Amino acid sequence: MPLSTQSQPDDEHYALVASLDNARNLSNILKAITFKDHAIFTATPNGLKVTVEDSKCLQANAFIQAEIFQEFTIKEDLVGFQVNLTVLLDCLNIFGGTTVPGVSTALRMCYRGYGYPLTLFLEEGGVVTVCKINTEEPEDPIDFDFCSTNVTNKAILLSESLKEAFSELDMTSEVLQITMSPSQPYFRLSTFGNSGNAHYDYPKDSDMMELFRCTKTQTHRYKMSLLKPSTKALALSCKVSVRTDSRGFLSLQYLVRNDDGQICFVEYYCCPDEEVEEE
Amino acid sequence: MLCVCVCAYRPVLAKAIQSLSRIGDELYVEPQEDGLALRSVNSSRSAYACFLFAPLFFTRYTIPSGHAFRCKMAIKSVQAVFRSLASLEKTVEKCHIELDGQKNRLTFTLHCRHGLLKTHNLSFQDSESLQAVFDKDSCANVFRAQPRLLVDTVVHFPPSLEEVTVSVSDERMWVRNHVEEEAEQSKAMLTELCLASDEFDHFAAQAHNSITFCLKELRGLLVFAESTGLPISIYFDEPGSPVVLSVTDNVLEGNFVLATLSDDASLRKNNTERVRTSPPPPPPPDDFMNDDMDSYLIAMDTSIAPGPSTSRPPTTPLADSTCSKQPAAANHRTRLHSEVEEEDETSDTDKPPNKKFCSLFFGSVLPPSSQMSTQPLTKQEVLASDSEDDTPGD
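Residue numbers (our numbering), protein chains in the order written: chain A, 988 to 1266; chain B, 1018 to 1411.
Excised from the complex, chain A in its bound form (with noise of 0.2 angstroms):
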């Protein structure tokens, strides 16, 4: 990698450096986050943390461990920052974001401290473009105290099946309601809009069910315009793993495989909508 070499000797004034083979196993993932502009990013020895809020009720999270990237320096035990996600992911794409098998666009990612602007360094045939993209006084992400001691009802599914169903929800209702329950109808996501209500019921001991754990029954809303830019997130995925706890805020957490096989994790919070009369 000649950027590697390149750059070496100034490598001790920066607090993060990270260099990925393949721009896409990290611009794909954020691309599943992306629904605002701001974007927190939190890098510990662990790898890096890209926050991306909505509206105070929504939080989408993405984690990208440091063995996914080839080189993974910290100087400190956290280091964070805040950027515009969109210029991010347009610099990533610099190269246009080629997918021909056999041709990628390295990246080096360093970030030298607070004031400092986050510099990509991206190289593809022998082409090299550095960007600076300015940072931003980072903000502190809501805490959705989503504890899972307090978690009663949990299921895992493959993403496959509930593609199907987030491509058909119907998108006049305001609300999707989730009713997670140990008896009928077990998992069941429903939409109320100009033409009627709709209902789709998984059962637990589906195929496509991996794991259903269901203490109680809950029902819950969440803001349809909430949840839509979590499909990005189910698009990319493999599995997903829906639990509410015992306020009725909802996790999603999606298991997504990269271009070399490594996983990574996405993962939503929503907040309900509001109460519903439990059955």
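These aren't lab readings, by the way, just hints derived from the structure by calculation.
It should be emphasised that the depicted structure is a prediction, and the values quoted were computed from it without experimental measurement.
Among the hints, erroneous ones may be present.
Stated by the list, open to error - With a cut-off of at most 20 angstroms between alpha-carbon atoms, the simulated EDC-like pairs for lysine to aspartate or glutamate come out as follows:
1) B:K1093 x A:E1151
2) B:K1107 x A:D1194
3) B:K1107 x A:E1151
4) A:K1226 x A:E1197
5) A:K1119 x A:D1024
6) B:K1107 x A:E1155
7) B:K1093 x A:E1161
8) B:K1111 x A:D1192
9) B:K1107 x A:E1147
10) A:K1062 x A:D998
11) A:K1215 x A:E1151
12) B:K1111 x A:E1151
13) A:K1191 x B:E1110
14) A:K1215 x A:E1155
15) A:K1150 x B:E1106
16) A:K1036 x A:D1064
17) A:K1018 x A:E1254
18) B:K1111 x A:D1194
19) B:K1093 x A:E1155
20) B:K1111 x A:E1155
21) A:K1215 x A:E1161
22) A:K1023 x A:E1123
23) B:K1111 x A:D1188
24) A:K1150 x A:E1197
25) B:K1032 x A:E1155
26) A:K1215 x A:D1041
27) A:K1150 x A:D1188
28) B:K1032 x B:E1243
29) A:K1226 x A:E1147
30) B:K1107 x A:D1188
31) B:K1120 x B:D1143
32) B:K1093 x A:D1157
33) A:K1150 x B:E1110
34) A:K1023 x A:E1254
Got chain A; can you put chain B on it based on the hints?
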């Protein structure tokens, strides 16, 4: 009142709904003794389509005996049930249709692979029965062709083309784009295809007429016919009376009834001037081969449809063909006018909007009691009524 239809999922059901959606915005559903009828009509009531799925189409077909029930709903919402048409074929195992008159809901339940159950509860409105009045069996001209032939013919016309003219002789059928008289002749492009009788499965042309009708609905039927591979039968008489396109199978029947161009109707409505009451000669189809386009266009433009109640012999006398250019000129203006109004039928109630096409039929306000004994469509008489006031209430 509960009506239940269960069937192994067949794409033909979704395809029928898709092709009905090319006609109108609303789907009329009527479970009948002889099967489940799905119908649609366009806003100007110049096109009507009906699919009848026989009880044998379903593995279970139960309708309450004693009283008829029918309803209508936005066709879009029904289409939503069958949204991913391609994947449905592979995933849906069973389809359950339930019409609940008490709860006012039509329920589609799709039993899919992996135990996934999709339930769509659609609300609906009560409606009158929608029944076009047509008699395809008495038509002088009857043709039957494989869908491929018509698809290959229609493909030559641009998507923007609204109407086609079909002319027939003993041996041939000509299909050409209909050029508006107002259109500048120098700019108008004419496409004409000539189909020999041996390309058809059945070819019987007793009346050598030319008819002009909308292409959009024909395209809708072709989508259906092509996917099911069913041959299309075409029945027509003369300009002004509807053309019937139908597909038939052991368990289903589809009829598309399209109005054909008749300028007399708009003139009569306006009470402007009454043109000759005797019909002009049908333009000899061989005229297509001449270069004399003008004479052809004028001849067609002055062709007259039968009045709503006049019964006429199926073949048109060739006498009385003193075709003056005066009425033709008047037609030009009214037709231009009617173009604009065609979309908006509710605009003016005192003066019904002018239409190029006679609006067809309609038995739409038949009282429910008489509906019970609705004869098969084929027993009805041809009516090309242009009355606007039997629009079912919305």
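Verification of the supplied hints:
no. : hint              : verdict
1   : B:K1093 x A:E1151 : 19 angstroms, holds
2   : B:K1107 x A:D1194 : 16 angstroms, holds
3   : B:K1107 x A:E1151 : 12 angstroms, holds
4   : A:K1226 x A:E1197 : 9 angstroms, holds
5   : A:K1119 x A:D1024 : 17 angstroms, holds
6   : B:K1107 x A:E1155 : 16 angstroms, holds
7   : B:K1093 x A:E1161 : 18 angstroms, holds
8   : B:K1111 x A:D1192 : 19 angstroms, holds
9   : B:K1107 x A:E1147 : 14 angstroms, holds
10  : A:K1062 x A:D998  : 10 angstroms, holds
11  : A:K1215 x A:E1151 : 14 angstroms, holds
12  : B:K1111 x A:E1151 : 17 angstroms, holds
13  : A:K1191 x B:E1110 : 19 angstroms, holds
14  : A:K1215 x A:E1155 : 12 angstroms, holds
15  : A:K1150 x B:E1106 : 16 angstroms, holds
16  : A:K1036 x A:D1064 : 13 angstroms, holds
17  : A:K1018 x A:E1254 : 13 angstroms, holds
18  : B:K1111 x A:D1194 : 18 angstroms, holds
19  : B:K1093 x A:E1155 : 13 angstroms, holds
20  : B:K1111 x A:E1155 : 18 angstroms, holds
21  : A:K1215 x A:E1161 : 11 angstroms, holds
22  : A:K1023 x A:E1123 : 14 angstroms, holds
23  : B:K1111 x A:D1188 : 15 angstroms, holds
24  : A:K1150 x A:E1197 : 16 angstroms, holds
25  : B:K1032 x A:E1155 : 17 angstroms, holds
26  : A:K1215 x A:D1041 : 12 angstroms, holds
27  : A:K1150 x A:D1188 : 14 angstroms, holds
28  : B:K1032 x B:E1243 : 10 angstroms, holds
29  : A:K1226 x A:E1147 : 8 angstroms, holds
30  : B:K1107 x A:D1188 : 18 angstroms, holds
31  : B:K1120 x B:D1143 : 12 angstroms, holds
32  : B:K1093 x A:D1157 : 11 angstroms, holds
33  : A:K1150 x B:E1110 : 19 angstroms, holds
34  : A:K1023 x A:E1254 : 15 angstroms, holds
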